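In order, the protein sequences belong to chains F and V.
FYI, the numbering for the first sequence is 1 to 316, going by the UniProt record's numbering.
FYI, the numbering for the second sequence is 1 to 316, going by the UniProt record's numbering.
Just so you know, the hints here were simulated from the structure itself, not pulled from any lab data.
Treat the numbers as computed from the prediction; the structure is a model and nothing was measured.
Cβ atoms here follow ideal geometry from the backbone N, Cα and C, with glycine treated the same way.
Check the hints yourself; a few may be wrong.
[What the hints assert, rightly or not] Listed next, the stretches of chain V that the computed footprint assigns to chain F, with coverage defined by at least 3 CB atoms under 8 Å from CB atoms of chain F:
id	segment
1	115-128
2	142-153
3	160-168
4	232-239
5	294-304
Below are the chains, spelled out letter by letter.
There are 2 protein chains.
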Amino acid sequence: MPVGEFDLIDRIRARARTRGDVVLGIGDDAALLQPQPGCELVVTADTLNVGVHFLEDTAPEDIGWKSLAVNLSDLAAMGASPSWCTLALALPQSDPAWLDGFIGGFLELAQSAGIALVGGDTTRGPLSISVTAMGQAPAGRAIRRSGAQVGDDLWVTGTPGDACSALHAIWAGVVPDPALRRRMNRPTPRNAAGLALVGLANSCVDISDGLLGDLGHICKASGVGAEVMLEQLPASRALSRFAPAVRWPWQASGGDDYELCFSAPAAQREAIVQAMAGAQTQATLIGRIVQGQGVIALDGDGQPWNSGRPSFQHFS
Amino acid sequence: MPVGEFDLIDRIRARARTRGDVVLGIGDDAALLQPQPGCELVVTADTLNVGVHFLEDTAPEDIGWKSLAVNLSDLAAMGASPSWCTLALALPQSDPAWLDGFIGGFLELAQSAGIALVGGDTTRGPLSISVTAMGQAPAGRAIRRSGAQVGDDLWVTGTPGDACSALHAIWAGVVPDPALRRRMNRPTPRNAAGLALVGLANSCVDISDGLLGDLGHICKASGVGAEVMLEQLPASRALSRFAPAVRWPWQASGGDDYELCFSAPAAQREAIVQAMAGAQTQATLIGRIVQGQGVIALDGDGQPWNSGRPSFQHFS
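Looking at chain F on its own, in the form it has when it is part of the complex:
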């Protein structure tokens, strides 16, 4: 049964949780939101397209989850508290079952992150999902890419490389380990960690395009260099079954991880450990900020290593 656009919006509205600072939610020409005094608004926008950002046969629940997760991850990297989001959804045809699954996954994550869906648009077109997420951070306190200092420790959350390894398995026609596949389809945005890093970290970036490439953005913005010790990169249990030569490229340069890479003064090492424990987030010391420019990855012998893979770029 075809579902009209207004019915579809009603379906979404009926299931979206709200927040006390949503003065007027879905249903007018625009939403009305009450920003918190003394805060800056933190805004990011990311799109997922079928065949590029997720495989054709991905479950709608996973697509819904991931389309919000990639945006929450950007807020996490700034140390912002998630507040509100909009969803622009293009669908090739009306499919209530698909839509219910998609919205279910999207709102499951929205609820756990405390972000309210306040507006958006549904159109007909090839499957594409654009989300704009808005967060808030006390004025002047958001963590930028440009604050890294020579001598800073370099940290990474979670276990990068899992998502990329799952994708490689699928490309090779192999069924990936379920834990790795879940990391690809249901990334965990590190919002609790990002919030806990405010006042501790000097710089932060989310490594959606791969650790070394995104760390390069910190270096460029901060006018510094970085050294990453590949042997210190944390590997998940499933990933540690692969030899270093196999998994290092995934861990160091694989895209689609939504972990945070951040730098912090060595004097904050103990505070970071405690903050990450409070945020229930694994964080691992993987290197340091140095003078110079660019990122050098060092193997177990302290020799420079080149994966041969640049950061993932669309259009490259």
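Following the hints, complete the assembly by docking chain V onto the known chain F.
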């Protein structure tokens, strides 16, 4: 020459104007923006897809302009001042000339409306443009759909029907009047009018899906009915060449107009005229809010008229 994603973002960044309240613009994980104290944030998101919202051969400058215009129109309908926007752009392939044209049209309108592009995303996929626009309005003062009162005058800005008539000409294989075609490709968002209506209008909606259908949203949200006098609908010079029976359906129900329909107390009639003159916007009295529900369009004899066309709905 293929252009990488980071180059493409640099191209956009180099041309985007900023504002004093943009603490950190394009180039980090998220933008940092300073909301105005005492204001609510007004947020809307709209998508344009090729073949649905614009014709395949539309000039990139026009697509850029229109993708922002449809969002500015939503801010106008709330009486909000445009502040910031994000742009999610999916492109089938890298095409610097197309992109320069698109960004040119987008930023031409952004500059004239005083809205800053602060972030976004470029991805590979079928051409699709999603914009989220953020505006601000003094707390409690935004104009909603739900405020219409029985006895209110009904007004419309500009000359609805122009865009729809141009589309019909093209569908019929006829070259449309250039003025009508321009109205389709370069709609003028009515932000000056919307701002001037704060404190005067009881309700407002933008008529992107057609006057009668969108007015129906005011009626539903306000628990009232509406009467529209078709003979009072303002026709542009180009449109007035068509007989009423031909143009009324376009004027009353044609989508793709980004005019405002608003209701205001009859006692404000003179104030409305002055406010619209100040906003350099044509506004025409076209009917009134009545008890009951739904919208009735009356012909020159005061008889109910049925265009046979419901409001435009995707998926219907």
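Evaluation of the provided hints:
Figure legend: the segment 115-128 of chain V, annotated as covered by chain F; annotation consistent (10 residues with Cβ-Cβ distances under 8 Å, at least 3 required). Requiring three or more residues with a Cβ within less than 8 Å of a Cβ of chain F, the coverage given for the segment 142-153 of chain V holds, as 4 such residues are present. Given as covered by chain F, the segment 160-168 of chain V fails the check, having 0 residues with a CB less than 8 Å from a CB of that chain where 3 are the minimum. Counting residues of the segment 232-239 of chain V whose CB lies closer than 8 Å to any CB of chain F gives 0, so the stated coverage by that chain is violated, three being the minimum.
Coverage of a stretch by a chain is defined here by at least three residues with a beta carbon nearer than 8 Å to that chain's beta carbons; for the segment 294-304 of chain V and chain F the count is 0, and the condition is violated.
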